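Got chain A; can you put chain B on it based on the hints?
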Amino acid sequence: MRKVAVVGYAQTPNVRTQLYQNEVEMLLSIIPELYETSGFNKDDIGFTCSGSTDYLSGQAFSFVMAVDALGAWPPINESHVEMDGAWAMYEAWVKIQTGEVDTAVAFSFGRSSMGDPAETMILQLDPYTLAPLGPDAPAVAALQARALIDSGKATERDFAEIAARSRRDAKNNPQAQLKGDLDVDALLAEPYMASPLRKHDLPPITDGACAMIIAAEDVIDKAAKPPVWITGLEHRFDSHQLGGRDLTISPSTQAAGEAAGVNKGKIDLAELHAPFSHQEIILKQALGLADDVTINASGGALAGNPLMCAGLARIGEAYRQIQDGKGNRAVAHATSGPCLQQNLVCVLEGQS
Amino acid sequence: MATNHHAAVIGVGQTNFDAKRLDVSQVGLIREAALRALKDADLEWKDIDAVVIGKAPDMFEGVMMPELFLAEALGCVGKPMLRVHTAGSVGGSTAIVAASLVQGGIHKRVLTVAYEKQSESNAMWALSIPIPFSQTVVAGAGGFFAPLIRGYIERSGAPEDTGIRVALKDRLNALKNPYAHLKIPDVTFEMIESSPMLWDPIRYLETCPSSDGACAMVIGSESVAKDSAKPPAWIHATNMKSEPTMFAGRDQVMPQAGLDCSRELYKKAGIQNPRAEIDCAEIYVPFSWFEAMWMENLHFAPINEGWKMTYEGATALDGDLPVNMSGGVLSTNAIGASGMVRFAEVAMQIRGQAGEHQVDGAKKVLGHAYGGGSQYFSMWILGDKPL
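Residue numbers (our numbering), protein chains in the order written: chain A, 38 to 389; chain B, 40 to 426.
Okay, chain A solo, but in the shape it has when bound (with noise of 0.2 Å):
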């Protein structure tokens, strides 16, 4: 395998509401400035993928308009997937390691603002079985949630510990949607949105995009800060049918976690995609993350989830947080479909 690591990242801040931007001004609004912290340039990229899905901007090929921002003249190598951004990151690993490029740009853009998510989401589900049931994307979560409560593993109040948590260490993150100082007691006396659900434990409604570059060991000379190396990135798949796995668990994020190395080192922080907030606990049993992990910095996807990228962006942040002397080994992650269905794991390294 090559040694790859990211070498720049840059995102747009979290916003309720994007108005004054379309997808591709929200894109050059943030890779100039790739360029600029990076130390590579357009001329350097050998391979770019994006993420983004049509149902989000209610138009086929809404992807296609996306390769304006990049200046794509001449042609370019590029590629595209239906899945968050980190699978786009993945792609873009991928070609790395076939050794026809060395460095590559996986970006991804999510306007959730140009429909109503919750409902958009019910056309992710099996059309067959479970989307004419017409469940909302909290109505899903929240069977999950409930599982949880049920076998005993964690309560209303955890979640709403989350959910405080999240929003207080957000305070510390400029490009943060929510952020503040809340009361669990408080929180816990505001009415469901899906029982056991609570307004807190969702994720924001955000408008966003964000930009990655990574780059293999041959040419990391030009990384203008320290690389910080994938040491680890694996992704695996659950069954769609939500009664046919156990809700409590991810089995999909353990095999990724150890398939990726999560535990061959000490973890010092770890930015976990958890739309809904008893989602971590989930996930920080799969990965067996130890207690003094620092979980979310960032304020994570409670703090701002831009559909499509709120995965590449937690890669973004555990970079950003190494980058800042945070720590030195990170566990990003990334999911995907109903109640944590798919989901990647990246494992992040300063010095080598």
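No lab work stands behind these hints, which were simulated from the structure alone. Just so you know, these numbers come straight off a predicted model, no measurement behind them. Every residue, glycine too, gets a C-beta built ideally from N, C-alpha and C. Mixed in with the good hints there might be a few duds.
Here chain A is said to cover these stretches of chain B; the calculated rule only asks that three of the stretch's residues, wherever they fall, bring their Cβ under 8 Å from a Cβ of chain A [unchecked claim]:
hint	region
1	98-112
2	115-121
3	139-146
Calculated pairs, SDA-like style, for lysine to any residue (alpha carbon to alpha carbon, straight line, at most 25 Å) [unchecked claim]:
hint	chain 1	residue 1	chain 2	residue 2
4	B	K347	B	S233
5	A	K40	B	K147
6	A	K321	B	V116
7	B	K306	A	W110
8	B	K307	A	A253
9	B	K215	B	V226
10	A	K259	A	I68
11	B	K85	A	L279
12	B	K147	A	G136
13	B	K59	A	P164
14	B	K307	A	E254
15	B	K85	A	D283
16	A	K79	B	E303
17	B	K306	A	D80
18	A	K236	A	D173
19	B	K147	A	A296
20	B	K307	A	R39
21	B	K147	A	G269
22	B	K306	A	D81
23	B	K147	A	G298
24	A	K79	B	A41
25	B	K147	A	T268
26	B	K85	A	R282
27	B	K307	A	G83
28	B	K307	A	P111
29	A	K321	A	T331
30	A	K301	B	D88
31	B	K215	B	E229
32	B	K215	B	D399
33	A	K40	B	E261
34	B	K85	A	Q278
35	A	K79	B	M285
36	A	K301	B	G117
37	B	K307	A	D81
38	B	K306	A	D255
39	A	K40	B	N43
40	A	K79	B	K306
Just chain B now, kept in the frame of chain A:
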């Protein structure tokens, strides 16, 4: 540049294509192709390391990211799954991503499947959604591409019946392909000429059908391929290129991305003279005239002379560069699968599996797909020996 590891196609499967496959769900459709590919590779579900799924816009079936509910039927639980979408070129790009997983040394056996079940929606109108401040594709793909064909005719001075000749050739080839969707046994030049004009200059019988169907391949590593019972089709080179949809001065008739993509592809595959060295080609021709245009874009013919290859019979099954031996996209078009059907036909030709549409002695074959507004390209060249 060679990749770090060799890879080869060791199994191919496709469904029977039809306007409406009412006998199967989306799940049944992809399983039909995948099971045929596994059987061809003499493998079982447990042998597969990862699955790569491709399809065109999700609005074609009305399911957001449908691979999430589909992939369990491909034995995917506990494994990695990727979903690729690069517009019309997606079937080709999906195969390339699957190949990369082997060429990068990450997996040894990767299953890749591309599909579309267009009868569950209406592709033409799914492509015609008006978006504020953007140009629409004006009543389906034909409305977008017809002016480009007019531009080509004006530049090249190609005879007006070039498109009819392409359509006749491809429709006759389709009669030799048991999987093809649209088969017109008594098709004639006059029948195509007298068919209704849909988007001038594209007539009804010069356009592709709307199909339900899926295609699958198994890509194996060098050691796996050498152990395989049937002959492997070795991947000599792959390439993808994209350019923006529109900007002042963009040549939409002869897009630079296609010219660059094929030039780089030949270089990677060590090919100096594509017309002489490539034995046959399966390319993405959704509207008849694109055969002539792509012959130039793929450097098989000088600029403005691609139509001569059609006219002189060079692209016929018995010509010096047979093109679209399967009957092509004009005969079968489950959009998300169409690129992979092209790529799979390449593998079938190399492996001697193409039956009545087999080109004798095919040793080096090109597969091509394109999408968007003639702006996304994916291509591969397979050979009977490792490069």
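Cross-check of the supplied hints:
no. : hint               : result
1   : 98-112             : holds (count 13)
2   : 115-121            : holds (count 7)
3   : 139-146            : holds (count 6)
4   : B:K347 with B:S233 : 23 Å, holds
5   : A:K40 with B:K147  : 20 Å, holds
6   : A:K321 with B:V116 : 21 Å, holds
7   : B:K306 with A:W110 : 21 Å, holds
8   : B:K307 with A:A253 : 21 Å, holds
9   : B:K215 with B:V226 : 13 Å, holds
10  : A:K259 with A:I68  : 18 Å, holds
11  : B:K85 with A:L279  : 23 Å, holds
12  : B:K147 with A:G136 : 17 Å, holds
13  : B:K59 with A:P164  : 18 Å, holds
14  : B:K307 with A:E254 : 23 Å, holds
15  : B:K85 with A:D283  : 22 Å, holds
16  : A:K79 with B:E303  : 19 Å, holds
17  : B:K306 with A:D80  : 20 Å, holds
18  : A:K236 with A:D173 : 14 Å, holds
19  : B:K147 with A:A296 : 16 Å, holds
20  : B:K307 with A:R39  : 21 Å, holds
21  : B:K147 with A:G269 : 19 Å, holds
22  : B:K306 with A:D81  : 20 Å, holds
23  : B:K147 with A:G298 : 20 Å, holds
24  : A:K79 with B:A41   : 23 Å, holds
25  : B:K147 with A:T268 : 21 Å, holds
26  : B:K85 with A:R282  : 20 Å, holds
27  : B:K307 with A:G83  : 15 Å, holds
28  : B:K307 with A:P111 : 19 Å, holds
29  : A:K321 with A:T331 : 11 Å, holds
30  : A:K301 with B:D88  : 23 Å, holds
31  : B:K215 with B:E229 : 21 Å, holds
32  : B:K215 with B:D399 : 15 Å, holds
33  : A:K40 with B:E261  : 23 Å, holds
34  : B:K85 with A:Q278  : 20 Å, holds
35  : A:K79 with B:M285  : 20 Å, holds
36  : A:K301 with B:G117 : 21 Å, holds
37  : B:K307 with A:D81  : 19 Å, holds
38  : B:K306 with A:D255 : 23 Å, holds
39  : A:K40 with B:N43   : 14 Å, holds
40  : A:K79 with B:K306  : 23 Å, holds
In terms of the numbered hints stated before, the structure departs from none.
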